[in-house]
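K.L.:
Sequence:
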Amino acid sequence: MSSILSSPPEVARLFASLELSPDPVFGTSRLNKIVFWNRSAEQLLGFSAAEAVDAPCGGLLLGCDVHGNRYCAESCPVTQMALHGEPVRHFVLHLRAKDGRRVASEVSVLHLEAPPPDLFFLAHILQPQDAQPLSLRPAEAGAAPPRPALDAARESPDARARKLTSREVEILGMLAGGHTTPEMAARLHISRLTARNHLQNILDKLEVHSKSEAVAFAFQKRLV
Numbered sequence: 001m002s003s004i005l006s007s008p009p010e011v012a013r014l015f016a017s018l019e020l021s022p023d024p025v026f027g028t029s030r031l032n033k034i035v036f037w038n039r040s041a042e043q044l045l046g047f048s049a050a051e052a053v054d055a056p057c058g059g060l061l062l063g064c065d066v067h068g069n070r071y072c073a074e075s076c077p078v079t080q081m082a083l084h085g086e087p088v089r090h091f092v093l094h095l096r097a098k099d100g101r102r103v104a105s106e107v108s109v110l111h112l113e114a115p116p117p118d119l120f121f122l123a124h125i126l127q128p129q130d131a132q133p134l135s136l137r138p139a140e141a142g143a144a145p146p147r148p149a150l151d152a153a154r155e156s157p158d159a160r161a162r163k164l165t166s167r168e169v170e171i172l173g174m175l176a177g178g179h180t181t182p183e184m185a186a187r188l189h190i191s192r193l194t195a196r197n198h199l200q201n202i203l204d205k206l207e208v209h210s211k212s213e214a215v216a217f218a219f220q221k222r223l224v
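When we follow my numbering, the leftmost residue of the sequence shown carries the number 1, and every step to the right adds one.
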């Protein structure tokens with residue numbers, strides 16, 4: 001499954017919780033090595049965990065953007081953004097599968113802080129797309145629009161999600177989008193203290209111990 005077991009317990013628990021996620025997930029270190037590879041990633045890309053874990057991300061996946069520019073490399077821009085504490089927004093990445101196919105996926109990145117020497121790990125959550133770039137894809141005939149996050153929380157089979165208020169659902173979505181507490185406060189026109197209180201309420205209601213675990217919960221339960 002992973003080489004993450006020697007990492008801080010909080011990070012290890014988070015990756016363990018994503019092992020059976022329906023979304024393909026892989027984790028990388030600050031050295032751009034794959035440290036986690038779940039079953040859905042194996043089904044999507046064909047590489048087993050034994051083949052993927054400890055391999056350099058760039059050498060295995062050859063990830064590039066829609067224009068062919070390399071992302072997965074020693075100078076990975078996502079890792080560089082994480083090193084500078086910058087949030088990583090959703091983006092589309094084309095990855096190489098074991099059989100040579102190029103698989104287009106929308107990528108959400110969770111920045112998981114860790115003490116030295118690791119500093120951080122990055123969880124890449126994939127949502128496979130058509131080979132055509134998202135911005136150019138025609139709307140699917142008869143496709144239902146995505147449910148609002150609040151509706152998803154209210155209708156969730158998990159009682160913890162149903163406890164969230166509308167504001168907490170909103171803040172959870174912003175957290176998943178990589179926004180910092182000051183950014184949330186500014187966007188919502190509330191104080192930083194109020195934003196922190198909302199975040200703590202979210203952790204308490206979801207019965208998790210960190211913001212990273214809250215975001216993982218939100219992805220697993222399809223709240224974002």
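Among the clues, some could well be false.
Using 30 Å as the maximum straight-line C-alpha spacing, the simulated DSS-like pairs for lysine-lysine come out as follows [what the hints assert, rightly or not]: (1) K221 to K33; (2) K211 to K33; (3) K211 to K221; (4) K205 to K221; (5) K221 to K163; (6) K98 to K221; (7) K98 to K205; (8) K205 to K163; (9) K163 to K98.
Derived from the structure by calculation, the hints contain no laboratory data.
K.L.:
For each hint, tell me whether it holds in the structure or not.
P.N.:
Tested hints:
Distance check on the hinted pair: K221 and K33 sit about 28 Å apart at the alpha-carbon level, within 30 Å; holds. Annotation: proposed proximity of K211 to K33 holds, straight-line Cα distance about 24 Å (limit 30 Å). About 15 Å separates the Cα atoms of K211 and K221, which keeps this hinted pair within 30 Å; it holds. Of the supplied pair hints, the one linking K205 and K221 holds, its CA atoms being roughly 14 Å apart against a limit of 30 Å.
Taken as a hint, the K221 and K163 pair is honoured in the structure, with Cα atoms around 13 Å apart against an allowance of 30 Å. Pair hint K98 plus K221 holds up; C-alpha atoms about 29 Å apart against a cutoff of 30 Å. For the hint linking K98 to K205, the alpha-carbon distance of about 41 Å lies beyond 30 Å, and the restraint is violated. Between K205 and K163 the alpha-carbon distance is near 6 Å, which keeps this suggested pair within the 30 Å criterion.
The straight-line distance between the Cα atoms of K163 and K98 is roughly 42 Å, outside the 30 Å bound, and the hint therefore fails.
When held up to the earlier numbered hints, the structure conflicts with 7 and 9 and fits the remainder.
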